[in-house]
Amino acid sequence: MNARQVHAVLAAGVENPALISTWRTEPTRLLRLGIEPGCLDLDALWKFAGLTIKVRHNGVRQQLPGTFRLMAVAGLEIGLFADYAAFRVSSGRMYAATTSQRAHDLVQFMVHWIDPSVGIHALLGDIVRHEQALLLLNATPAPEAVSGTADDSAAGVGLRPSAVPQICGRIVLHEMQSDPFLLAAALRQTVPPLAHIPLQTRYYCYWRRHQASEIDVLEVDEFGYYVLSLVDGSRSVADISRRLGGSRRPTRGFTQSLAQLEALGILAFGHARTADAA
Amino acid sequence: MKFFDSAGTGAQIGLAYGPGFGDFIASNDGVIDYVEIPFEQLRHSPELASIQELLPVILHCASLSVAGFLPPSQATVDTLHQEAERTRTPWIGEHLAFVSADGINEEAERDLSPTNLTYTLCPQLSEETVQRVVENMASFRRTFAAPLILENSPQYFAVPGSTMSMVEFVSEVASQCDAGLLLDLSHFAITSLNTRVDALKEIERLPLERVVEIHVSGYNEQSGVVWDDHAAPAPPLVFELLERVAERARPRALTLEYNWLTFPTALLVSHIERSRAILERG
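Keeping their order, the protein sequence lines are chains A and B.
Under our numbering, think of the first position of the first sequence as 1, with each following residue one higher.
Under our numbering, think of the first position of the second sequence as 1, with each following residue one higher.
If you're looking for bench data, these hints aren't it; they were derived computationally from the structure.
Worth double-checking, as some hints may not be accurate.
Unchecked claim - Some chain B residues near chain A, calculated using beta-carbon distances under 10 Å:
{"hint": "1", "residue": "Gly18"}
{"hint": "2", "residue": "Glu128"}
{"hint": "3", "residue": "Gln176"}
{"hint": "4", "residue": "Asp229"}
Glycine included, C-beta positions come from ideal geometry on N, C-alpha and C.
Given only the sequences and the hints, what does the whole structure look like? Please build it.
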């Protein structure tokens, strides 16, 4: 087989992994290109295409260190990047010029690639979303204070259904299958004990306060997670109560939970909180 | 500016440039003797040239497509020439591989614009490729004052039409081109593992007296294939190979290709010291 033609076919397959898929199903195409189909390990070529894309994303490693570490330890890198390479080619999109955008694009792909029913994939999903949340909140400017919040705190006083909760700062919410801090710590070990990471649904709120640089990561309960996900600065307490399956007149338990979030400093209320008329 | 001590005896130890390099050398003064910088990185980020105020530079390259059938662009050759002159690199380490090839048209099977990759591929290991390398090297020698030394590729799969093993191919190229070698021990281990040969026996078949520089890095196995991994430390086999090479070769430099410094500094320093000790003993 002519070396020049062999090189041409290999290079074409690496650049466009969709060709490799075609050659798998239609080996006569390879023959027309001067390559005996049985002489080329298409599976290995596919994986090599993944390796080249992995190397192209080495700059992202510093932004997602735990993610890359887990992929390496779990042996997922090559397969993931091979699939990513094919995805990018089929979508017709060039790789982004900046590391930040490449990281963002890769994460968007990964969260769909992951099969949450597979334990190690669940851990990968957790660590990548954990690192992405931290990146996102670090990258955005420190949020400005919401005006009037200092005067509206009224702990212990009943909350009007028309009160509108607002997030004090910026948050990212994630439902995880593990404790991301435990996972990150495990990944820093020479031999990460991933099999010992307990899998259990947990809810996290990544929170950057007003005019602050640090990020707090709070584990919240399921109720708090869904409440925070519904706070958009325009929905009232009554609206949120209704969306969560309650009535427009919030229960005491509901308002107490909101008060807890207010006490933490995550929530403030846009209207003055006064007790309902007796 | 600092320049590589070409007159020095003994092997010098260096690190490949990457993120974290600046912090490492600031905290570990005198641990390494030079930095190896990819030409492509210098071309993309010319400000990296300032690193030569701290350490001598050896140029590494992945753009000449030495084992390919399409020549590099004149702009690439000219820029590499300029960098080689500016850095006074003692040699240019280039991959015995290709990064560009004729285009193919899946539908019409006609050649189109070339395929240019950002990663080197192991070429067909054949007499045809050897002759191509000879022609390319003759051309490059007319351009570059610094010698080109050739780095063995990692082999991940059998390249169709190959009639030689990697050892045979590298030996034939080195002989016909009278070229020095950049012996990448990790690539050698990868090739041996993927082609199921005994690395420690195979290494003895190479013309080790031609080895000018050695590369050391990590690798890992995924999906049934052993892959190059500059984020991993060199495994024991790589150091065993280094011991064997040191018995016969007198390399002038050894570069740890730990571009990403993802493992503890103490381990990195131990690998630097271990490499130095092995080459001094040899």
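Structure-based check of each hint:
1. Gly18: Check passed: Cβ of Gly18 of chain B comes within 8 Å of chain A, closer than 10 Å.
2. Glu128: With a minimum Cβ separation of about 4 Å from chain A (threshold 10 Å), the hint on Glu128 of chain B holds.
3. Gln176: Violated - the Cβ of Gln176 of chain B stays beyond 10 Å from chain A, reaching only about 16 Å at its closest.
4. Asp229: holds, 7 Å
Consistency note: the structure conflicts with earlier hint 3 alone.
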